[in-house]
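Student: If you want the building blocks of each chain, they are given just below.
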Amino acid sequence: TQLLEQSPQFLSIQEGENLTVYCNSSSVFSSLQWYRQEPGEGPVLLVTVVTGGEVKKLKRLTFQFGDARKDSSLHITAAQPGDTGLYLCAGHMDSNYQLIWGAGTKLIIKP
Amino acid sequence: KAGVTQTPRYLIKTRGQQVTLSCSPISGHRSVSWYQQTPGQGLQFLFEYFSETQRNKGNFPGRFSGRQFSNSRSEMNVSTLELGDSALYLCASSLAAGKGWGEQYFGPGTRLTVT
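Protein chains in written order, with our numbering: chain C, 17 to 127; chain X, 96 to 210.
This is chain C alone, in the form it adopts within the complex (with noise of 0.2 Å):
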């Protein structure tokens, strides 16, 4: 069982649409961060939230922590083909030593 259920796992989509991804969880997270992944390079990170209820713009990126922090959402404005990849959240629990990661959702945007 995923402690990080992303959602959804697939999204194909056209150049200029927007879109939302999600990042949800039962338990609550001391901090989450998200992460773009290319085909054949490693994740880069994109932001860390910390504050339940927080947000955070990355240009055309809007990402949010829940009031709980026990979720988490990715808004993409005017989506680009350069916005295709796989994107990762990932988020520590003050319970637990390791980072936790979603298994990602995999964004494909047409020009």
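The hints are simulated quantities; they were obtained by calculation from the structure and are not laboratory data.
Take these hints with a grain of salt, some might be off.
What the hints assert, rightly or not - No more than 20 Å apart at the CA atoms, straight line, and that leaves these computed lysine to any residue pairs for SDA-like:
#1 C:86 to X:198
#2 C:86 to C:126
#3 C:122 to C:61
#4 C:72 to X:176
#5 X:152 to X:108
#6 C:73 to C:109
#7 C:72 to C:87
#8 C:122 to X:183
#9 C:126 to C:29
#10 C:122 to C:54
#11 C:122 to X:136
#12 C:122 to X:152
#13 C:122 to C:26
#14 C:122 to X:133
#15 C:122 to X:203
#16 X:152 to C:116
#17 C:122 to X:134
#18 X:152 to C:18
#19 X:152 to C:111
#20 C:73 to C:33
#21 C:72 to C:86
#22 X:108 to X:176
#23 C:122 to C:83
#24 C:122 to X:135
#25 X:108 to C:56
#26 C:73 to X:198
#27 X:152 to C:109
#28 C:122 to C:44
#29 X:152 to C:19
#30 X:152 to C:110
#31 X:152 to C:114
#32 C:72 to C:52
#33 C:122 to X:137
#34 C:73 to C:61
Quantities reported herein were computed from a predicted structural model and do not represent experimental measurements.
Could you slot chain X onto chain C? The hints should help.
Tutor: Quick look at chain X alone, frame taken from chain C:
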């Protein structure tokens, strides 16, 4: 600042052989973590080293081992390779010094194929 480097980038081995992968972290980072990534299982945590000590370990058999040197460089070894060990092996370094919740900076990975 140079990023995380991993060598080799690609490797082909046969069943029963052993393999050693190398990782050089970002300068100043003392934590190195190793992950196995496959299409079916996603990103699976292998182990983490900090200051030459294994600080945490995932659920992998004893065939998977690692070590860290005084300069923070790390190696992982897989003995008696099996077909199922074919994967992308990722190394990540972090500044984490306390509870280990630092942000991970990944290398490009080593693509291991076992035939």
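Student: Work down the list of hints and note, for each, if the structure agrees.
Tutor: Taking the hints in turn, this is what the structure says about them:
1. C:86 to X:198: holds (19 Å)
2. C:86 to C:126: violated (32 Å)
3. C:122 to C:61: Since the Cα atoms of residue 122 of chain C and residue 61 of chain C sit roughly 16 Å apart, the hinted pair holds (cutoff 20 Å).
4. C:72 to X:176: Outside the cut-off at roughly 43 Å; violated.
5. X:152 to X:108: violated (25 Å)
6. C:73 to C:109: Measuring from Cα to Cα gives roughly 24 Å; hence the hint is violated.
7. C:72 to C:87: Status holds; Cα separation ~14 Å.
8. C:122 to X:183: holds (17 Å)
9. C:126 to C:29: holds (6 Å)
10. C:122 to C:54: Distance of about 10 Å is within 20 Å: holds.
11. C:122 to X:136: Given that 20 Å is the threshold and the Cα spacing comes to 14 Å, the pair holds.
12. C:122 to X:152: At roughly 27 Å apart (the allowed maximum being 20 Å), residue 152 of chain X and residue 122 of chain C break the hint.
13. C:122 to C:26: holds (5 Å)
14. C:122 to X:133: holds (14 Å)
15. C:122 to X:203: holds (18 Å)
16. X:152 to C:116: The given pair, whose Cα atoms are some 13 Å apart, holds under the 20 Å limit.
17. C:122 to X:134: holds (11 Å)
18. X:152 to C:18: holds (18 Å)
19. X:152 to C:111: Satisfied, since the Cα-Cα distance of roughly 16 Å is no more than 20 Å.
20. C:73 to C:33: This hinted pair holds, its Cα atoms lying about 18 Å apart.
21. C:72 to C:86: Roughly 17 Å separates the two Cα atoms, so the pair holds.
22. X:108 to X:176: With Cα atoms ~8 Å apart, residue 108 of chain X and residue 176 of chain X stay inside 20 Å; holds.
23. C:122 to C:83: violated (26 Å)
24. C:122 to X:135: Holds - the C-alpha atoms of residue 135 of chain X and residue 122 of chain C are around 13 Å apart, at most 20 Å.
25. X:108 to C:56: Holds. Residue 108 of chain X to residue 56 of chain C sits at ~19 Å (cutoff 20 Å).
26. C:73 to X:198: holds (18 Å)
27. X:152 to C:109: holds (16 Å)
28. C:122 to C:44: violated (25 Å)
29. X:152 to C:19: holds (17 Å)
30. X:152 to C:110: With Cα atoms ~17 Å apart, residue 152 of chain X and residue 110 of chain C stay inside 20 Å; holds.
31. X:152 to C:114: holds (9 Å)
32. C:72 to C:52: holds (16 Å)
33. C:122 to X:137: Holds: residue 122 of chain C and residue 137 of chain X sit about 11 Å apart, inside 20 Å.
34. C:73 to C:61: holds (14 Å)
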